[in-house]
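So the sequences go chain by chain: W, L and H. Numbering-wise, the numbering used here puts 33 at position 27 of the first sequence, and it's gapless, one number per residue. Numbering-wise, the numbering used here puts 335 at position 185 of the second sequence, and it's gapless, one number per residue. Numbering-wise, the numbering used here puts 998 at position 169 of the third sequence, and it's gapless, one number per residue.
FYI, nobody ran anything at the bench for these hints, they're computed from the structure. Treat the hints with care, as some may be off.
Derived DSS-like pairs (lysine-lysine); straight-line CA-CA distance at most 30 Å [stated by the list, open to error]:
(1) H/Lys-964 / W/Lys-123
(2) W/Lys-123 / L/Lys-306
(3) H/Lys-1024 / H/Lys-1014
If you want a taste of the chain H side facing chain W, the calculated C-beta under 7 Å gives, among others [stated by the list, open to error]:
(4) Ala-881
(5) Glu-884
(6) Ala-1033
(7) Asp-1043
(8) Glu-1119
(9) Ala-1120
(10) Phe-1125
(11) Asp-1128
(12) Arg-1130
Note that beta-carbon positions come from the ideal geometry of N, C-alpha and C, so glycine has one too.
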Amino acid sequence: MLLLFAAPLTVICFYSAMTRGPYGGFSLPWTLDSYGRLADSLYFAILLRSFWIAGVSTIFCLVLGFPLALFISRAGPRKNLYLTLVILPFWTSFLVRTYAWMFLLRDTGLINTVLQKTGLIHDPLPLLYNDGAVIVGLVYGFLPFTVLPLYAALERLDPNLLEAAADLGATPWHTLTRVVIPLCAPGIRAGTILVFIPCLGAYLTPDLLGGGKSVMVGNLVQNQFTSSRDWPFGAAISLTLMALVMLLLLLFMRGNSEEGLL
Amino acid sequence: MKRRALPVYAAAAFAFLYVPLIVLSAFSFNASKFTVWEGFSLQWYAAAFHDPQLAEATGNSLIIAVVATLLSTVIGTLCAYGLWKRKSPLLAGSLYLSLVTPEIVAGISLLAFFQWVFRFLHVRLGMHTVILAHISFSIAYVVIVVMARLRTVDPKLEEAALDLGANEWGAFWHVTLPAILPGVVAAALLAFTVSFDDYVITSLVAGVDSETLPMVIYAFARRGVNPVVNAISALIVFGLGVLILLSQRLQKT
Amino acid sequence: MNRRIFLLGLSGLAGCTRDRRPRLNVWNWSNYIAPETVPKFEAEYGVRVRYAVYESNEEMLARVMGGNSGWDIVFPTDYLVQPMLQQGLLAPLQHDLLPNLHNLASGFQRPAWDPAMQWSVPYMVTAAGIGYNRKLTPPPTAWEDLWNPRLRGRMTMLDDPFDVFAACLKRLGASINSADPAQLKQAQALAIRQKPMLRAYLNAEARDQLVSGDILAAHMWNTTAQQAIDASPDVAFVYPREGYATYPDCSVILRESRRTELAHKFVDFLLRPEIAAANALAARTTTTNEAARALFPPDFRDNATLYPGADIVARGEWAQTLSPDNQRLRDRLWTEIKAS
Chain W
7 MLLLFAAPLT VICFYSAMTR GPYGGFSLPW TLDSYGRLAD SLYFAILLRS
57 FWIAGVSTIF CLVLGFPLAL FISRAGPRKN LYLTLVILPF WTSFLVRTYA
107 WMFLLRDTGL INTVLQKTGL IHDPLPLLYN DGAVIVGLVY GFLPFTVLPL
157 YAALERLDPN LLEAAADLGA TPWHTLTRVV IPLCAPGIRA GTILVFIPCL
207 GAYLTPDLLG GGKSVMVGNL VQNQFTSSRD WPFGAAISLT LMALVMLLLL
257 LFMRGNSEEG LL
Chain L
151 MKRRALPVYA AAAFAFLYVP LIVLSAFSFN ASKFTVWEGF SLQWYAAAFH
201 DPQLAEATGN SLIIAVVATL LSTVIGTLCA YGLWKRKSPL LAGSLYLSLV
251 TPEIVAGISL LAFFQWVFRF LHVRLGMHTV ILAHISFSIA YVVIVVMARL
301 RTVDPKLEEA ALDLGANEWG AFWHVTLPAI LPGVVAAALL AFTVSFDDYV
351 ITSLVAGVDS ETLPMVIYAF ARRGVNPVVN AISALIVFGL GVLILLSQRL
401 QKT
Chain H
830 MNRRIFLLGL SGLAGCTRDR RPRLNVWNWS NYIAPETVPK FEAEYGVRVR
880 YAVYESNEEM LARVMGGNSG WDIVFPTDYL VQPMLQQGLL APLQHDLLPN
930 LHNLASGFQR PAWDPAMQWS VPYMVTAAGI GYNRKLTPPP TAWEDLWNPR
980 LRGRMTMLDD PFDVFAACLK RLGASINSAD PAQLKQAQAL AIRQKPMLRA
1030 YLNAEARDQL VSGDILAAHM WNTTAQQAID ASPDVAFVYP REGYATYPDC
1080 SVILRESRRT ELAHKFVDFL LRPEIAAANA LAARTTTTNE AARALFPPDF
1130 RDNATLYPGA DIVARGEWAQ TLSPDNQRLR DRLWTEIKAS
């Protein structure tokens, strides 16, 4: 199992390069005052907001992805086909898909035009450049990240178990909540993590679909590495965020009977 | 159990996934550059095919994605298997770390690492740096998906195989691997997607000759409404879609 | 490991089968050159040029900073020249290899960021102003028109901290490079007051919205505005009367370059009047090359958006390198604006 150790070593090497960040990078003196700058209600508010948006997006992804994963896992010989169909849109550029959503959601975009033409609304709905648009964009972008792990766990589900539950008198809803969901818990956990964390760090979607009017943690970090050219501060923010998320992960894991995700 | 609702829902979900693409594709046939329909035209497809930069970028993207997927799936599956059998806080920790890092931070740290390595090995940024970068962020995804699958496998099956005289490798290859194969396939698909579509990290570590498709599309799109981008996206989706349907047909015969 | 060696070997083989002409790697802003310039250079000197483009200074800087990016020539904006110099990224320019330097306009012969042109050569200039729909009467003429309630929900500002502060500072009558905390805070207050009236903070995307009529006015760069004007006769551009920011982009040769002589030839090639004229005409941008302007067709020479009269040019202020403290303060204020 030598390969097992090659992988983490490479990963760790990359991160040792990064710890130089908070202490140097763009300007030489080694100092921790980037972290000091972080202790501020402004950044706390941004963090809270990011958690909120990422959380809502994750929940939507799970709720929307679960039935789809269930469907695919029962599709028999066409399973792989459906899986690939789920992934296929994501082989086009992320940016292009985001632009497509902008086109759909704009005031003169497709949705508003259709709604106005059919007389359902009078003035265009402000669908773009707000939090709702950002969430739609995030959910759209991360749906396969819940579908795939959920599918992986659900596929293993023995239909006999479901029959047994039905025989014992459980209603379909009961079967779902008491049998199926607990059995694919690893998939749910995996999906949550694969969506929530990247959502926290997202910057392109909030920028384009949110109109740059609000700032999430991802935008903050992005700004530091680009226009402000303050790499140490950017690294400090990222490391703090990462530490926070790791902490949350540990708590999340501890709250489950199994010993953790990995 | 919700027998009819499920396929209907699935159809709606697929529609949600494909609506933006259908819209994009519709406009790739638009003779006008803007969002007012002005007639059917294939000019953007012609432009896409004649662009050498695009062809090269697509080739690069494919090579990078295939190599990175193969390597990261193999490494990731083995990692997941190793973690399943023996807990290793170091491995788990570093994988978590890889997941938790925002893309731009991962990109910058990889860039810094390559630049540092440059001092000793005189390695320039290029395809190899991109591939290494892709592998490093894909492994965590592979491990997570395969792990979700491994959790549903009974460890006693392997024990039974060992009792019956198989060695460790045989037990893995003949017992566990077939059981987790759908998970590995799902993980490989995810790894390919993540690699093929990656922009942030790739743009930071790419070299002079290693422009990828997302980079080219990003550059085109940033310059404004450009239906060539729509044409490319439509080509990717429908071209690959056709390939997949064909491969399904072939599998059946 | 095996696969990596295989790939390296493959690329090595590929290198052997590629042509043996010397190669130059040039990385420029997108849409900043005429399509025939690079082929002409390749033909005249018998070399190959890999020409690629980027969309932002930061993108370029991140890759170039390590000294192993592989590029020979890049085009940073003026305020990056000094920082790049301090990082040891630039190769000194040898003027005897640049005979066409005298073609530059007098205003660019002794640039403030590099008076002896030891490290950089000015290339093209961009400025920030207001693009608007001609349906607006009276048309906007000053920055303060962007605070007018009639534009509520139908206007955008650039998503760039320096530009937004520049607009607010000019409205207050201050310098765009100001480091005065009091002035910056006042500018921030203006921006926060304006924010609810904005549709969004947009860069190039504003052009499409202006053309389609979604918005009536936009804070935009003159080159972007020119593209919008080319697309629609309803769009116009104005340089605000309080003054505005200008951004000269310069060509520099990177220290890591192994072909500095060839790089010099390329920089000099770009300075030739006919080449510079072709570049400006194709890209629809403002060139710093005076000799090239003499070669323009009359309608381009007098293009009000790209080549305004001397009185308007005098109102422009060059963007300068900001001190780290200034940068930090502005960054903090910008985050507060965005989060409000």
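Hints and how they fare:
1. H/Lys-964 / W/Lys-123: With Cα atoms ~25 Å apart, H/Lys-964 and W/Lys-123 stay inside 30 Å; holds.
2. W/Lys-123 / L/Lys-306: 63 Å, violated
3. H/Lys-1024 / H/Lys-1014: 15 Å, holds
4. Ala-881: Check failed: Cβ of H/Ala-881 comes no nearer than 18 Å to chain W, outside 7 Å.
5. Glu-884: It is violated, given that the least Cβ distance between H/Glu-884 and chain W is near 11 Å, above 7 Å.
6. Ala-1033: Violated: closest Cβ of chain W sits about 11 Å from H/Ala-1033, beyond 7 Å.
7. Asp-1043: 6 Å, holds
8. Glu-1119: 32 Å, violated
9. Ala-1120: Since chain W brings no Cβ nearer than about 35 Å to H/Ala-1120, farther than 7 Å, the hint is violated.
10. Phe-1125: Hint on H/Phe-1125: violated, closest Cβ of chain W at ~34 Å, above 7 Å.
11. Asp-1128: Since chain W brings no Cβ nearer than about 32 Å to H/Asp-1128, farther than 7 Å, the hint is violated.
12. Arg-1130: Interface hint status for H/Arg-1130: violated (34 Å vs cutoff 7 Å).
Hints 2, 4, 5, 6, 8, 9, 10, 11, 12, counting from the list given before, are not met by this structure.
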